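**Student:** Spelled out, the chains give:
2 protein chains.
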Amino acid sequence: MFESAEIGHSIDKDTYKSEVPALREALLQAQYRLRDQARFPVLILINGIEGAGKGETIKLLNEWMDPRLIRVDSFDVPTDEELARPLAWRYWRRLPPKGHTGIFFGNWYSKMLQDRVHGRISKAELALAIDRAQRLERMLCSEGMLIFKFWFHLSKKRMFKRLDSLKDDPLHSWRISPLDWQQSKTYDKFVRYGELVLRRSSRDFAPWYVIEGSDERYRSLTAGRILLEGLHAALEANEQQTVQPHTAPVELNLDRRSLLGSLDLDQRLSKDAYKEQLVQEQARLSQLLRDRRMRKRGVLAVFEGHDAAGKGSAIRRVTGALDPRLYRIVQIAAPSEDELAQPWLWRFWRNVPGRGEFTIFDRSWYGRVLVERVEGFCSPDEWLRAYTEINEFEEQLVDADIVVVKFWLSIDADTQLERFKEREETPHKRFKITEEDWRNRDKWDDYDHAVADMVDRTSTEIAPWTLVEANDKRFARVKVLRTLNDRLQAALEDG
Amino acid sequence: MFESAEIGHSIDKDTYKSEVPALREALLQAQYRLRDQARFPVLILINGIEGAGKGETIKLLNEWMDPRLIRVDSFDVPTDEELARPLAWRYWRRLPPKGHTGIFFGNWYSKMLQDRVHGRISKAELALAIDRAQRLERMLCSEGMLIFKFWFHLSKKRMFKRLDSLKDDPLHSWRISPLDWQQSKTYDKFVRYGELVLRRSSRDFAPWYVIEGSDERYRSLTAGRILLEGLHAALEANEQQTVQPHTAPVELNLDRRSLLGSLDLDQRLSKDAYKEQLVQEQARLSQLLRDRRMRKRGVLAVFEGHDAAGKGSAIRRVTGALDPRLYRIVQIAAPSEDELAQPWLWRFWRNVPGRGEFTIFDRSWYGRVLVERVEGFCSPDEWLRAYTEINEFEEQLVDADIVVVKFWLSIDADTQLERFKEREETPHKRFKITEEDWRNRDKWDDYDHAVADMVDRTSTEIAPWTLVEANDKRFARVKVLRTLNDRLQAALEDG
Chain Z
1 MFESAEIGHS IDKDTYKSEV PALREALLQA QYRLRDQARF PVLILINGIE GAGKGETIKL
61 LNEWMDPRLI RVDSFDVPTD EELARPLAWR YWRRLPPKGH TGIFFGNWYS KMLQDRVHGR
121 ISKAELALAI DRAQRLERML CSEGMLIFKF WFHLSKKRMF KRLDSLKDDP LHSWRISPLD
181 WQQSKTYDKF VRYGELVLRR SSRDFAPWYV IEGSDERYRS LTAGRILLEG LHAALEANEQ
241 QTVQPHTAPV ELNLDRRSLL GSLDLDQRLS KDAYKEQLVQ EQARLSQLLR DRRMRKRGVL
301 AVFEGHDAAG KGSAIRRVTG ALDPRLYRIV QIAAPSEDEL AQPWLWRFWR NVPGRGEFTI
361 FDRSWYGRVL VERVEGFCSP DEWLRAYTEI NEFEEQLVDA DIVVVKFWLS IDADTQLERF
421 KEREETPHKR FKITEEDWRN RDKWDDYDHA VADMVDRTST EIAPWTLVEA NDKRFARVKV
481 LRTLNDRLQA ALEDG
Chain V
1 MFESAEIGHS IDKDTYKSEV PALREALLQA QYRLRDQARF PVLILINGIE GAGKGETIKL
61 LNEWMDPRLI RVDSFDVPTD EELARPLAWR YWRRLPPKGH TGIFFGNWYS KMLQDRVHGR
121 ISKAELALAI DRAQRLERML CSEGMLIFKF WFHLSKKRMF KRLDSLKDDP LHSWRISPLD
181 WQQSKTYDKF VRYGELVLRR SSRDFAPWYV IEGSDERYRS LTAGRILLEG LHAALEANEQ
241 QTVQPHTAPV ELNLDRRSLL GSLDLDQRLS KDAYKEQLVQ EQARLSQLLR DRRMRKRGVL
301 AVFEGHDAAG KGSAIRRVTG ALDPRLYRIV QIAAPSEDEL AQPWLWRFWR NVPGRGEFTI
361 FDRSWYGRVL VERVEGFCSP DEWLRAYTEI NEFEEQLVDA DIVVVKFWLS IDADTQLERF
421 KEREETPHKR FKITEEDWRN RDKWDDYDHA VADMVDRTST EIAPWTLVEA NDKRFARVKV
481 LRTLNDRLQA ALEDG
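Going down the list, the protein sequences come from chains Z and V.
Under the working numbering, read the first sequence as residues 1 to 495, first letter to last.
Under the working numbering, read the second sequence as residues 1 to 495, first letter to last.
No lab work stands behind these hints: they were computed from the structure.
Among these hints, one or two may not hold up.
[Unchecked claim] Some chain Z residues close to chain V (C-beta under 10 Å, calculated; not the full set): (1) Glu125; (2) Ser142; (3) Glu389; (4) Glu392.
As the structure is a computational prediction, the values presented were derived from the model and not from experiment.
Backbone N, C-alpha and C fix where the C-beta goes; we use that ideal spot for every residue, glycine too.
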């Protein structure tokens, strides 16, 4: 969930200075349009890691925008009046009216997270609190409200660095946090529960925006731009009297630093090392799958990746040393007529492995948020809600003791070009290359963007993505097998 | 929730015989239109009380309609294959394709209810199961499915009568119920949890339809008609390529027997009895409100009713013997500008009593599903989702230890006419009667219908409606006071 917000996003001073004036002007314009014409309320929820710039961003938005149309509320210790009433009363009384913007700093999410980290509520109670929040937000959205949910993030290392730098700063001595962030365990818990909360509560009508907070300029510009684009989309929809899902981009990538771009694709394995490690991991897989305890578990492996990244050959290495009765490969291509007559997830549900079974998906339900999104085969509201639907689907798989392992095989554009050419020149490989493959290359950046969104929205603690550097096929194959084995072993040891 | 389904609905043989042929013909036509043009799937969930005609209705629908386009699935003991996979897999594999109708007999609702009645899952787990079901249904609806949820109901007395009559019937000896319905406690639990499930899961996109099951003809005709009207509305919406909420009527009232119509409005109280009982109940109220334990509880009383039913004078009797600091009366009229700039429930949230406070609402949030519905001040999707929003609002009140007491003061049309005339003729009462009051009389039946829906959808175990027979004002006032006192006393004794 937080992958893209741990790669060290940053923006240089000059870019920042040149971009801010236009952004401020546009934000002000949007505010006035909201007040004068559109008449719907905007609510901004601010959450995230300590030191990631939550308070600073609020200060900044107040500077950039017209503060008369913004109201900031901080919900910390409840007042007597609030304690005497239903929990939600404190939020209701502070809702921004139409034409205005409310910023809730410390809100229902911070409360449930703190309660869970402190052990004041159970796992089930957290789940109920999340559902309650969803009902409230859905109702507010039905009534016309535009909700932004910002999660400001820092990797653990960066958080400790930041806390250190703040310690001696007298300007920040007023910071009192209800959580003891100095403890490494607090961070771990907060991030683990935070991931669960974001996964469950990121909905098409009110998605979360995760923003890396270590670089002030990147953080400020990103928050401002998301706000602006979301406002514009909502103002347009309002003018046309249509109801639209949240159409602000899921990720902005202002510094052109992307999750896939941060991979070191040049990692290689020598022929000898490859041979040795491949045999070793294949034997390990065969053994793991025959473990008695595996009879109670299902295994589901998903293979996605760039065209010509080597999905097929990686899958063949996985199955290479296995009894064919031990696994099943599901090739996902265009849906059949039967499948088109059903909800889009149906064709994947029908192929869910049972206990003791191992199913490999060569492409998968992620097509919904990759090719279908990029090619426009489904509408924005469909692929936006697909993230939620996918997470809920995988949650059910994991609840049924299925180990879910997901691989994205990543290559760069040059390597792809080389492989395409080789395919065209080799008679027995020619069937693998089509006009469509060439067309897809033109959309490289769109796919890159869709992949980053996909990983950010669907890489979860229970079903994480593994990004595989696949310029070198040998390296990729071994990494796939080893990751699969490690996950299986961990699952068996977990019980 | 089940009020309207316990009044002994029935339809005579002749009416039935004359209505069925046209209904069957129309259902068949709708089925073929669905298959040939509309191409969305229909799912019917069948739940309810044992002996209320669940199986019989399914059999009948199969007879009435084209069985080649219907598939009935019964989910009882899971198969090995089902047990090896996520819970929802068994439902996914049986989903009806586009153009077809699936009937799920024994479904996620029967499972969660049985699990709860048997104590296999906790209160919190039931809440989570309900939320899970909502997520599934919402997704299916987003994908175009039309879902009907039928709850076939019987009062306890009628159920036992029916079980008795079935006992000796060799044709029914195959009935095996996983719940021991012979026990009175089973019925109570099933209905209590059933009410919770219906309250939480009756949504605008997939509402519950509660059908009284004691009279076979009424039951069959009602189910068929709801199905037909829902299909027609969805087919229309599909043709116009709009997405519509579930527009089948919430209640059909085929036998013109309504909840309000079933009241004995002629109940009276003599002047002497009234005087004595009024003073007695007023003293009791004053004492109850001063009870130390009341400091931890809030009290909220809602007054709704026909025009001229005597709401104001009943409220005056409630407050008659109270210290003015002890209560607050909130008069609900047209919303202010501030209130119009907020979600519709906001103006009620702002008036929620705190602990130790007693607030009386003279008219209330129920205006949304009464006057606003009947007069078209809000759209069908708005008032349809309002039932859910209201139930969730009141749930939060009750969770915060507020006692919620709701009164509908009911009079008949003749009594209203008399009182209107009296108002016009009495100078000091003339201000009470307006043109609008006369206009409202033309919509008497619409209001009747809206009231029945309101009670069926929002009379819950935690916040029940009390219908007050108010042709005789004395009787009404004492019933109001006594009910309020009884509820307060019960709340105090509950702790």
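**Student:** Please go over all the hints and tell whether each is borne out by the structure.
**Tutor:** Each hint tested on the structure:
no.: 1; hint: Glu125; in the structure: holds, 7 Å
no.: 2; hint: Ser142; in the structure: holds, 6 Å
no.: 3; hint: Glu389; in the structure: holds, 6 Å
no.: 4; hint: Glu392; in the structure: holds, 6 Å
The structure is consistent with each of the numbered hints, conforming to all of them.
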